[in-house]
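Visitor: The residues making up each chain are set out below.
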Amino acid sequence: MLVALGQYWSVLREEIMKTIRTSALAATAAFGLAISANATELTIAIVNNGHMINMQKVAEAYTAETGVSLNWVALEEGVLREQVTSDTATGGGQYDIINIGMQEAPIWGAAGWIEPLNFGSSYDMDDILPAIRAGLSHEGTMYAAPFYGESSMVMYRKDLTDAAGVTIRDSDSWANIKGAAAAMHDPDSGVYGACLRGKPGWGDNMAFITTVVNSFGGAWFGADMRPTIDTAAWEEAINFYVDLLGNYGPPGSEGNSFNEILALYNEGKCGMWIDATIAASFLTVDGVAYAQSPNAGNPVGANWLWAWAMAVPAGSPNADAAKAFIEWATSKDYVQAVGNHPDFGWGSVPTGQRASTYALPEFQAVAGFAAAEMAAIESAAPAATDLKPYVGVQFAAIPEFPEVGIAVAQEMAAALSGAKSVKDALAASQSAADAIMSEAGYY
Amino acid sequence: MSQRTLPRLMQTPAVLLLLVWMLVPLGMTIFFSFIRYVLNNLRKPEWTTPSIDNWRGFGNYEYVLYKSKDFWFAVQNSVFIVGSIIVLTVALGLAIAVLINRSFPGRGMVRVLLISPFFVMPAVNAVLWINMLLDPVLGLNGLIVNGLNGVIDGLRDFPLLGNFFSFWPELQPISFRATQTSAYAVIVMVTWQWTPFAILIFMTSLQSEDQQQKEAAILDGASAWSQFVNLTIPHLARPIAIVIMIQAIFHLSLYAEIEIVSRGNGNKNLPYLIGEFASNNIGAASATGIFAVILANIVAIFLLRIIGKSLMD
Chain A
1 MLVALGQYWS
11 VLREEIMKTI
21 RTSALAATAA
31 FGLAISANAT
41 ELTIAIVNNG
51 HMINMQKVAE
61 AYTAETGVSL
71 NWVALEEGVL
81 REQVTSDTAT
91 GGGQYDIINI
101 GMQEAPIWGA
111 AGWIEPLNFG
121 SSYDMDDILP
131 AIRAGLSHEG
141 TMYAAPFYGE
151 SSMVMYRKDL
161 TDAAGVTIRD
171 SDSWANIKGA
181 AAAMHDPDSG
191 VYGACLRGKP
201 GWGDNMAFIT
211 TVVNSFGGAW
221 FGADMRPTID
231 TAAWEEAINF
241 YVDLLGNYGP
251 PGSEGNSFNE
261 ILALYNEGKC
271 GMWIDATIAA
281 SFLTVDGVAY
291 AQSPNAGNPV
301 GANWLWAWAM
311 AVPAGSPNAD
321 AAKAFIEWAT
331 SKDYVQAVGN
341 HPDFGWGSVP
351 TGQRASTYAL
361 PEFQAVAGFA
371 AAEMAAIESA
381 APAATDLKPY
391 VGVQFAAIPE
401 FPEVGIAVAQ
411 EMAAALSGAK
421 SVKDALAASQ
431 SAADAIMSEA
441 GYY
Chain B
1 MSQRTLPRLM
11 QTPAVLLLLV
21 WMLVPLGMTI
31 FFSFIRYVLN
41 NLRKPEWTTP
51 SIDNWRGFGN
61 YEYVLYKSKD
71 FWFAVQNSVF
81 IVGSIIVLTV
91 ALGLAIAVLI
101 NRSFPGRGMV
111 RVLLISPFFV
121 MPAVNAVLWI
131 NMLLDPVLGL
141 NGLIVNGLNG
151 VIDGLRDFPL
161 LGNFFSFWPE
171 LQPISFRATQ
181 TSAYAVIVMV
191 TWQWTPFAIL
201 IFMTSLQSED
211 QQQKEAAILD
221 GASAWSQFVN
231 LTIPHLARPI
241 AIVIMIQAIF
251 HLSLYAEIEI
261 VSRGNGNKNL
271 PYLIGEFASN
281 NIGAASATGI
291 FAVILANIVA
301 IFLLRIIGKS
311 LMD
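First to last, the sequence lines map onto chains A and B. Last residue of the first sequence: 443 (the working numbering), numbering continuous. Last residue of the second sequence: 313 (the working numbering), numbering continuous.
Where hints are given, some of them may not hold.
Taking beta-carbon pairs under 10 Å as the criterion, some of the chain A residues facing chain B (in silico) [claimed, not checked]:
1) P250
2) A321
3) A324
4) W328
5) I398
To be clear about the criterion: a stretch of chain B counts as covered by chain A if any three or more of its residues have a C-beta under 8 Å from a C-beta of chain A, and this derived list gives those stretches [stated by the list, open to error]:
6) 30-44
7) 71-83
8) 134-144
9) 178-190
10) 199-207
11) 216-228
Please keep in mind that the hints were generated in silico from the structure rather than gathered at the bench. This one's a predicted model, so the numbers in the text were calculated from it and none came from an experiment. Think of the CB as a built atom: it goes at the ideal place given N, C-alpha and C, for glycine as much as any other residue.
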C-alpha cells in the first residue's frame with residue numbers, strides 16, 4: 001500500500017508542486033520582497049529560441065548602464081507556458097518579467113494577471129505594427145510588448161520549381177500549390193514536394209492546419225462559441241491537408257514541427273515549406289524564394305500571426321524596473337544594439353515588431369525576406385469577423401483553447417498517419433471540443 | 001514494552017513528516033477533484049479560486065470518465081506499456097545475465113558497456129532514439145531502408161535473377177511518431193534503458209547460485225536448459241520479483257519519453273493525460289490523479305499477490 005502511494009506521488013509530482021505553490025503564495029511573495037529590498041534584480045522567464053538567447057548577451061550593456069542585474073530563466077516553449085501559467089495564475093511571484101505569446105496576452109490582460117503597459121513618447125507606440133499591437137491588447141490597452149513578430153508564408157526552392165517547370169505565386173490557390181509539390185516530389189533523390197507541420201500541438205500542427213481551414217472558410221467556433229469542427233469546410237480542408245502532406249511530404253511528417261522541418265529544409269530535402277516567416281532568417285540553402293500564403297477562396301486568415309512578447313505579472317514588487325527593462329528591450333534602440341553588437345549584426349535583429357526596423361538600410365541589405373515578411377504580417381487578420389467570434393488567426397484567444405487545440409491536434413496527427421479516417425478524426429475532435437467548451441460553462 | 005518506546009519515539013518525527021508529506025498533497029488532490037477549479041475562465045471567474053463554494057460532487061469524475069476523449073485509451077496504454085517493458089526487460093535481462101555470467105576475456109569491459117544505458121537521462125534517451133535512430137529520413141532507420149532499397153535496385157540489373165527482384169516492392173521506412181507505432185517506440189527506448197537494471201540485479205544474484213547443486217545436476221545428466229529452468233529460475237525468483245515491482249512503480253509514471261516521441265499521440269498514459277488537463281482544468285486533472293492512484297493500487301495489490309510470495313519466503 002505504501003509502495004503504491006509512493007508511486008502516486010511521482011505521478012502527481014507536477015500537480016503537487018502547483019498546489020504547494022498556491023499555498024505558499026504569501027511566503028513566496030514575502031521572500032521576493034526581502035530580496036528586492038537591497039538591489040534591483042529582475043528575474044526574466046524567456047523562451048529558448050535564437051532572438052531571446054541573444055538578448056541575454058545584448059542586455060549586458062543594459063546592466064552596465066543602469067545597474068539593474070538580470071536573472072535569466074530560459075525554458076523550452078511548452079515548459080515555459082506551463083511554468084508561467086501556473087505561476088501567474090496562482091500569483092506565485094517567481095518572475096518579474098515573463099515571455100508570453102499572442103494567445104495569452106489578451107486573456108491574461110482581461111483576467112488582470114498582467115499589468116497594462118504605458119510607455120513614454122520616445123518609445124513610439126505607433127511604430128509597432130498595428131496587427132501585432134492589436135493582438136497583444138485587450139480593449140485598446142497593450143498588456144505585452146512585442147519582442148519579435150511573425151506571420152506565415154511559402155518558402156520554396158526556386159531552382160526546383162524552375163527545373164520542374166512550375167511557378168508559385170503570391171496568394172496562390174491550394175490546387176496550384178499541390179500541383180507544384182507533385183512536380184517537385186522526387187523521394188528517390190531525397191526531395192519531398194512539401195514539408196509541413198504534423199507534430200501534434202496547438203502551436204504546432206494546428207497553427208498550420210488552422211490557416212488551411214481558415215482559407216477554406218472554416219473556423220474553430222461559431223457565434224455562441226460552439227465548436228464547428230464538423231463542418232464541410234473543415235472536412236474539405238483536412239482532406240486536402242492529409243492528401244498534400246501524405247502524398248508529397250517526407251515520411252514521418254506526423255513528428256515534424258518547426259525545428260524538424262528546418263533541419264530537413266537545410267539538408268535540401270524540401271521543395272517548399274509553409275511556416276513562420278522567422279524561418280527565413282535561418283535558411284542556409286541556396287535558391288530560396290518567398291510567396292504569400294495560398295488559400296482556397298478565402299484569403300482572410302490564410303497566414304497566421306504570432307508574437308513573442310514581454311509582460312509584467314500583476315503585483316510584481318519590481319514592476320517599475322521591469323517595465324523600464326521591457327521598454328528598452330522592445331525599443332528601436334534595442335534593434336540598433338543588436339545590429340551593432342560585435343557578436344550578432346544586422347542579420348540577427350528581431351523582426352516583425354516595428355515598421356522602422358524594415359526601413360533601416362543596414363537591415364534591408366542583409367534580409368532578402370524582409371518585404372515578404374512585412375507583407376505577410378500586415379495582411380494577417382486576428383480580429384473577430386462574421387465567420388468567427390474570437391480573436392486570433394491560428395488560435396482562439398480564450399483560456400480553454402490550448403486544451404481544445406491539443407485534443408484536435410492529436411486527432412489530426414492520427415488522420416495524417418492513416419490511423420483514422422478524416423471523417424472519424426473530425427467527429428472525435430468535435431465531440432472532444434464540445435465536451436471541453438460545455439465543461440467550461442460556455443453553454 | 002519500555003524497550004520499544006524509546007526507538008518508536010525517535011522514529012516519530014520522520015514518520016510524521018512522511019505522513020504529512022503524503023497526506024497533505026493527497027488531501028488537496030481529493031479536495032480539488034470534488035470542486036470546480038480552473039486556472040482561468042472568462043465566463044465563470046469564480047471557478048478560478050479553489051473554494052468549497054464550487055463543490056460539484058462527482059462531476060469531475062463523470063467528465064473524465066464519460067465526456068473527455070482519452071481516459072480509457074490512457075488506462076489501456078499505461079498497462080500495455082508497463083506490461084510490455086516488464087516482460088521484455090526480464091526476458092532480455094535473464095538471457096544476457098546468464099550469458100555474461102561465465103568468464104571470458106574482456107568481461108569487465110562488456111559488463112560496463114551493458115550497464116551504461118541505465119545512466120542516460122530519460123529525456124536524452126528519448127531524443128537520441130527518436131531523432132538519431134528511429135527517424136524515417138535522417139535517422140538510422142531511414143538510412144538503412146534507403147540502403148536496402150539501393151541494394152535491391154542494384155540486384156534488379158542482374159540477368160535472370162534481376163527478374164525475381166523486380167517483383168520486390170520498394171521498402172518504406174516506418175515512422176515511429178505515428179499513432180500506430182508511437183507506443184512501441186516508447187517501449188523500445190525504455191526497454192533499452194532498463195534492461196541493464198535487470199541485468200545488474202540478476203548478475204549479482206547469479207553469483208550466489210549454488211555451484212555444487214549445478215555440478216550434481218550435470219552428473220545426473222541434466223541438460224543446460226533443464227538446469228536453467230529448474231535451478232537458475234527458481235534461484236532468481238526473488239530478484240525477478242524485485243525487478244518487476246520496481247519497474248512497475250517507475251514506468252506507470254512515464255512522461256518524458258511520451259512527450260518527446262509524439263506528445264501523447266497514440267501513446268498517451270495516465271500521467272500524460274493529467275498533464276494535458278492541468279493546462280487549465282485542475283479539477284479534472286485531480287480526478288484523473290485519483291484514478292491514477294487507484295490504478296497504481298490495483299497494480300500493486302495484483303503484483304504483491306502474484307509475486308509477493310517469493311519476497312516473503
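Visitor: Answer holds if the nearest beta-carbon of chain B is closer than 10 Å to that of P250 (chain A); otherwise answer violated.
Guide: holds, 5 Å
Visitor: Would the stated hint for I398 (chain A) survive a check requiring a Cβ distance to chain B of less than 10 Å?
Guide: holds, 7 Å
Visitor: Can you take a look at whether the region 199-207 of chain B is actually covered by chain A? Rule is 3+ residues, C-beta closer than 8 Å.
Guide: violated (count 0)
Visitor: How does the coverage statement for the region 71-83 of chain B fare against chain A, requiring three or more residues with Cβ below 8 Å from a Cβ of that chain?
Guide: violated (count 0)
Visitor: Okay, the region 216-228 of chain B and chain A, do three or more residues pass the C-beta test at under 8 Å?
Guide: Check failed, 0 qualifying residues.
Visitor: Holds or violated: is the Cβ of W328 (chain A) closer than 10 Å to a Cβ in chain B?
Guide: violated, 30 Å
Visitor: How about the region 178-190 of chain B: do at least three of its residues have a C-beta closer than 8 Å to a C-beta of chain A?
Guide: Contact hint for the region 178-190 of chain B vs chain A: holds, 3 residues under 8 Å.
Visitor: Min Cβ distance, A324 (chain A) to chain B: is it shorter than 10 Å?
Guide: violated, 28 Å
Visitor: Checking C-beta pairs, does the region 30-44 of chain B have three or more residues closer than 8 Å to chain A?
Guide: holds (count 8)
Visitor: Does A321 (chain A) pass the interface check with chain B, least Cβ-Cβ distance below 10 Å?
Guide: violated, 27 Å
Visitor: Cut-off 8 Å, C-beta pairs, minimum 3 residues; does the coverage of the region 134-144 of chain B by chain A stand?
Guide: With 5 residues close enough to chain A, the hint holds.
In summary, the structure is inconsistent with hints 2, 3, 4, 7, 10 and 11 from the numbered list given earlier, while agreeing with the others.
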